[in-house]
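Trainee: These are the residues of each chain, in order.
Number of protein chains: 2
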Amino acid sequence: MAQIAFLGLGIMGGPMAAHLAKAGHTMTVYNRTLAKSTAWVAKHAGKMAKTPALAAQSADIVFACVGADRDVEDVTTGPDGAFSAMTTGSLFVDHTTIGADTARQLAIVARQHGIRFLDAPVSGGQAGAENGQLTIMVGGDTVDFDRAEPVMQAYAKRIGHMGPSGAGQLTKMVNQICIAGVVQGLAEAVHFALEAGLDSTQVFDVLSKGAAQSWQMENRTATMADGKFDFGFAVDWMRKDLGLVLDEARRMGVTLPVTALVDHFYSDVQKLGGKRQDTSSLIRRFRR
Amino acid sequence: MAQIAFLGLGIMGGPMAAHLAKAGHTMTVYNRTLAKSTAWVAKHAGKMAKTPALAAQSADIVFACVGADRDVEDVTTGPDGAFSAMTTGSLFVDHTTIGADTARQLAIVARQHGIRFLDAPVSGGQAGAENGQLTIMVGGDTVDFDRAEPVMQAYAKRIGHMGPSGAGQLTKMVNQICIAGVVQGLAEAVHFALEAGLDSTQVFDVLSKGAAQSWQMENRTATMADGKFDFGFAVDWMRKDLGLVLDEARRMGVTLPVTALVDHFYSDVQKLGGKRQDTSSLIRRFRR
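These protein sequence lines are chains A and D, in that order.
FYI, in the working numbering the residues of the first sequence are 1 to 288.
FYI, in the working numbering the residues of the second sequence are 289 to 576.
Worth double-checking, as some hints may not be accurate.
For lysine-lysine, the following DSS-like pairs were computed, each having C-alpha atoms within a straight-line distance of at most 30 Å [to be verified]:
id, chain 1, residue 1, chain 2, residue 2
1, A, Lys157, D, Lys324
2, A, Lys22, D, Lys335
3, D, Lys445, A, Lys209
4, D, Lys445, A, Lys240
So, partial list: chain D residues that the calculated Cβ filter (under 8 Å) puts toward chain A [stated by the list, open to error]:
id, residue
5, Ala333
6, Gly334
7, Met336
8, Ala337
9, Thr339
10, Val470
11, Gln472
12, Gly473
13, His479
14, Ala484
15, Gly498
16, Thr547
17, Leu549
Derived from the structure by calculation, the hints contain no laboratory data.
For each residue, glycine too, the CB sits at the ideal point set by N, CA and C.
Looking at chain A on its own, in the form it has when it is part of the complex:
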């Protein structure tokens, strides 16, 4: 069992840290809003710290799951950040979805501090974090992956080592590109089916056995047809991720016309009040 620090106790990080505590690791947690740390230590075995540096100073592995690039920079290289406090040879694993370039830069800065860094964004959402069934996409050196992998098993159903630093983030971007296409297709399909007077439950029951099948079809078309979106992965977070995707695509000189279009449609959904709604609320852009 390891000495572990966990930075960020949100809807993802909170349950992930809880799985680590349950697995028997010695936990020190940090959260920007102190009340969340207080609540976490009241429920789980572990201590709280008032800064990332204090949480990280005696840890073998420091995990982070915070909001965006800026938040990761704050808890790593910012004032009272973890990097300066971590012991030589210790490992920082970032579960936040951030830019691949930010991840690569942090890996370089980590090395300058004598520590190791993995980018390890996750998919599976709040339910996956709570059930310990996340998919983790990891970028970095093999020796570091081999060290983190058995620990991350506490909350993962699938952990892939995708390549060098940044490769975890790039894989997460591929995931979001796929979802953008699938959900847009379903939004148009559900809209068409309803306008055509079809029974959409029956339609997607029949179609889900064939070449049009998708996880989103099986899990989201019923709620899309009913206009229910108060669950799942929020539009605000999808837009953040699509922003990272489109930045990276521009950097690589890759055109992603439908991903770009879907990003615009999500912007419309935000204006319609869908900021915190599930990504399947994309259909609101077409059925108002």
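Starting from the structure of chain A, add chain D where the hints point.
Mentor: For chain D alone, kept in the frame of chain A given last:
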């Protein structure tokens, strides 16, 4: 066992008619190119006829699986078409993917001839026809569905009664809208993954356990990455179907922006020589 006529012995109709012969029905087949009828009767139990009318005149059920709207009109209401020859109360089942309005019109004309009509487009492709594993989406009256359904079991894994005349065609359109979105997302995703230097096999292996999963991801990303498209459902046929979708959407006043865009991209793929290639060749529009 029934007296059955089958009109159209192409890559779909040929094996479908063969399954009916194997099930023990008394078969009479017709094909525009006579050589296909000759070849079919040489291999299977049944007779051939030189016109749709001659094939259909003593049939309980007449099936058709031909090219497009015009071909269905030819074999039903054209000179030597089946409708005038069919006996009162017999049933015409059209497996061709055509416009919902054409299907509705044919159902009306059939009624004027004292016969019954079902629109019953299929999905599952050539492999599905050969293995008897098609999905069939049926529009028309329940009494007619109940009569055709046990016969169609010979080549189906799933048969759904979707509603009144036209509803089978509309459901098939929903299927193609979903596929357009999914395949476009994957084309962008595979392109992005390859340009980012990721191992696409590994990427889609990891992602296929989560919310981005689709049949197309599981069955087409490896060949997309390898640039192999000499199989599957051809771009020419997809464009025909998307034309029907976009016509129907215009009629209903429904906007399908990504379906329309993907139709344009498939037009580019046709110009690149991809007319007979699988729909996954959509990626050629982005990787030339």
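Trainee: Does each hint fit the structure? Answer for all of them.
Mentor: A quick look at each hint next to the structure:
1. A:Lys157 x D:Lys324: The hint is violated at about 52 Å.
2. A:Lys22 x D:Lys335: Violated - the C-alpha atoms of Lys335 of chain D and Lys22 of chain A are around 72 Å apart, more than 30 Å.
3. D:Lys445 x A:Lys209: Distance ~9 Å between Lys445 of chain D and Lys209 of chain A Cα, so the pair holds.
4. D:Lys445 x A:Lys240: violated (42 Å)
5. Ala333: violated (30 Å)
6. Gly334: For Gly334 of chain D, the interface hint is violated, since the closest Cβ of chain A sits about 29 Å away, which is over 8 Å.
7. Met336: violated (32 Å)
8. Ala337: Violated: closest Cβ of chain A sits about 33 Å from Ala337 of chain D, beyond 8 Å.
9. Thr339: It is violated, given that the least Cβ distance between Thr339 of chain D and chain A is near 34 Å, above 8 Å.
10. Val470: holds (5 Å)
11. Gln472: Holds: closest Cβ of chain A sits about 5 Å from Gln472 of chain D, inside 8 Å.
12. Gly473: holds (2 Å)
13. His479: holds (6 Å)
14. Ala484: holds (5 Å)
15. Gly498: holds (5 Å)
16. Thr547: holds (6 Å)
17. Leu549: Since the shortest Cβ distance to chain A is 7 Å, the answer is holds.
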